[in-house]
Amino acid sequence: MTFTRTPIARSLLLLALALFALAPLMMLIATSLARGWFYPVVLPGGMDGSAWRDLFTDTAHRSALVNSLMLGVSTSLTATTCALPLGRAAAGSTRVVRRAVALLAFTAVALPPVVLGVGLQLTVLTLGLGGTLFGVFLAHLVPALGYLTLVFLGVFTRWDRRLEEAAATLGATGRMRWRLVLLPLLRRPIAEALALGFLVSWAQVALTLLVGGGAVRTLPLDVLAMLQSGQDQRAAAGALALTIPALIVLGASRIAARNTSAVVA
Amino acid sequence: MSVALDVRNLFVLFGGTSREEPARTSISRFMFEDSTIDEELTRLSGYHVGLIDLSFAVDSGECLAVLGVSGSGKSSLLRTLAGLQPTIRGTVIVNGADVSSRPPERRSVVYLHQEPVLFPHLSVLENVAFPMIVRGIAKKEAMHRAIEWLQRLQVGSVMGFFPESLSGGQRHRVALARALCADPAVLLLDEPLASLDPAVRRDVREALQETRAASGAAMVLVTHDLDDALAVATHIASIEQFGQLSTPALSADILEQPPSLETARVLGVYAEIDGEVCASPSGNLFRWIGGAVPAGNVEIGRAVACVRSHEVQLHRGNQLNAPALTVTSLREGARDAVLGVRNALGEEASLRIGSGTSVGISEVVQVTLRHARIFPSHPS
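Chains as they are written, first to last, in my numbering: chain W, 7 to 271; chain D, 19 to 398.
Hints are computed from structural coordinates only; laboratory data are not their basis. Mixed in with the good hints, there may be bad ones.
[As the list claims (entries may be wrong)] What follows is a list of derived Cβ distance ranges for each label pair:
1) L110(W) to P104(D): 23 to 31 angstroms
2) G174(D) to A95(W): 22 to 30 angstroms
3) A232(D) to R167(W): 23 to 31 angstroms
[Said to hold, decoys possible] Sample of chain W residues with no beta-carbon within 10 angstroms of chain D, all distances over it, derived:
4) F26
5) V47
6) L186
7) Q234
8) Q237
9) L246
[Claimed, not checked] Examples of chain W residues lying across from chain D (beta carbon under 7 angstroms, computed):
10) T138
11) L139
12) L169
In this text, a Cβ means the ideal position worked out from N, Cα and C, and glycines have one as well.
Full structure from sequences and hints, please.
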């Protein structure tokens, strides 16, 4: 059997894909700027930017935004710092150790958020950190560490150890090997890991809700709260605001990855 | 010349728990009654002793080629000398200093992998300057010296390139230039000519010869190719059965008189002829199906004669006072041919003769061995 793809069919497929991908985003943009736009009215009564203004001027929203940024940055940095040596050590170990580490990391990623959240809530409450920003940070760290350990395990399983051996016999000490060989060659996976770690925390709802117990406000929680209370325009603006740092982080990681060798790509 | 590398009673390990390729041959730990070795092997889980009690020395400016079949532990020997894998016993002395327990970066030993390992994120010039930069030499001075070495090894024109754009031969030359910039006392070369096509092989051989001439470093080259060893090394030794190293011999002498049957087998240029050493009034003789040759001091009993192709002379008909042999097979090779012969009693032997020798199947010949190296047979 053969499949033929005509230019028209291809264009239609592309259009359908673009609609699926962009329609929710377009709807959010329209809603965030629309005034008095309620079902079944087809077109909004007018346009205004009050939802956007409120988002950045309202103290509560600003605080949620700052919390989200702090959690994202600290989770990203901590998870990357821990996952890199962990992945490297596991990749250089026996197959049994490698598989055990991969399984543990995958468990943290694959467990349903509610299961993970309840487990973490009980743990964090036991530690007396329930409802605190630090408790939420610890909770975000678990899936982020899982994702990033899997990333670095993959990177170091393909890593050419002869590069470090060559550097060592040429006179480079352990620290020099990190600075002059490992880190420059790992720039791309590190940038991607930082971005991924940030995004895992940035988009987290279930863990924040369960461990933070409502006391820790983040931007995704605020968006949900606005939606539930019928503030569609502000919820749409908040949801769009959630995508901005994600796009910035992804863009920055792409730039950081430029000119990185394909050794570990 | 002074001794740059002195290896004493070194044991070399195979295997380990890392992702290294498992060794194909190894010597069982249970062969050793020494409990310290056993304890060390238990600590280094997954390792086996591969080479035993190696002792050799290499002078500055000289090159020792270690010949051995695949899986015999050649690379493990170099990795042990470089400090890239653990040592359980033995001493590695470099320029008079015991470096056995030092990390690789403090041994003054540079190890070159089989495939040149250049840093892909650095240009050729930065790669070559790397060993000087890590030693704290000023960047300007390091670059200047790197350019000198690149030009000496005839790769000055590619100094601005990145490794991915170099040809195989250029990569080898750049790796050699970088190694020499480290000013090592010892340079270890792990089969640098394996898996290269003939043109690049010639190029890299030349580079190795230039390197030996240009640097004062002692070199250890491991290879399974005798031609490579003869082209580059001043001395040759081979890894023998049960993980031992033959006594290094001068490259010029080793073909004439290999120190042992195992070495002769590793050299791979001899036909092995089975026979027996018998006493005679004129001294011991090696008797084989085609006649007899002097056996020198070889003890009486079963023996093997190792004979090269140019040392075999065929005579047609019945000209000599020697047994007549019937040609049973002839297999032509690029350099020589393998000739199968049988005597009247049905006993057979294989000889190497010059390629292109005119002889037919079923033809009757007599054979003279101009020179033969006789070794006692021992169970293999």
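Tested hints:
The hinted window of 23 to 31 angstroms between L110(W) and P104(D) holds, with their beta carbons roughly 29 angstroms apart. G174(D) and A95(W) have their C-beta atoms about 42 angstroms apart, which leaves the hinted 22 to 30 angstroms range violated. Distance hint check: the CB atoms of A232(D) and R167(W) are about 30 angstroms apart, consistent with the given range 23 to 31 angstroms. Once the 10 angstroms rule is applied to beta carbons, F26(W) is consistent with being away from chain D; the minimum gap is 39 angstroms.
Here V47(W) stays apart from chain D, with its beta-carbon at least about 58 angstroms from theirs, past the 10 angstroms limit. Not every CB of chain D lies more than 10 angstroms from the CB of L186(W), the least distance being 7 angstroms, so the non-interface label is violated. Every CB of chain D lies more than 10 angstroms from the CB of Q234(W), the least distance being 51 angstroms, so the non-interface label holds. Interface exclusion of Q237(W) from chain D stands, the closest Cβ pair being 50 angstroms apart, more than 10 angstroms.
Separation of L246(W) from chain D is adequate, the least Cβ-Cβ distance of about 38 angstroms exceeding the 10 angstroms criterion. Interface hint at T138(W): violated, since its Cβ lies 42 angstroms from the closest Cβ of chain D, which is beyond the 7 angstroms cut-off. The closest approach between the C-beta of L139(W) and any C-beta of chain D is roughly 39 angstroms, which is over the 7 angstroms cut-off, so the hint fails. Hint status for L169(W): holds, given a least beta-carbon distance of 6 angstroms to chain D, under 7 angstroms.
Hints 2, 6, 10 and 11 from the earlier list are contradicted by this structure; the remaining hints agree with it.
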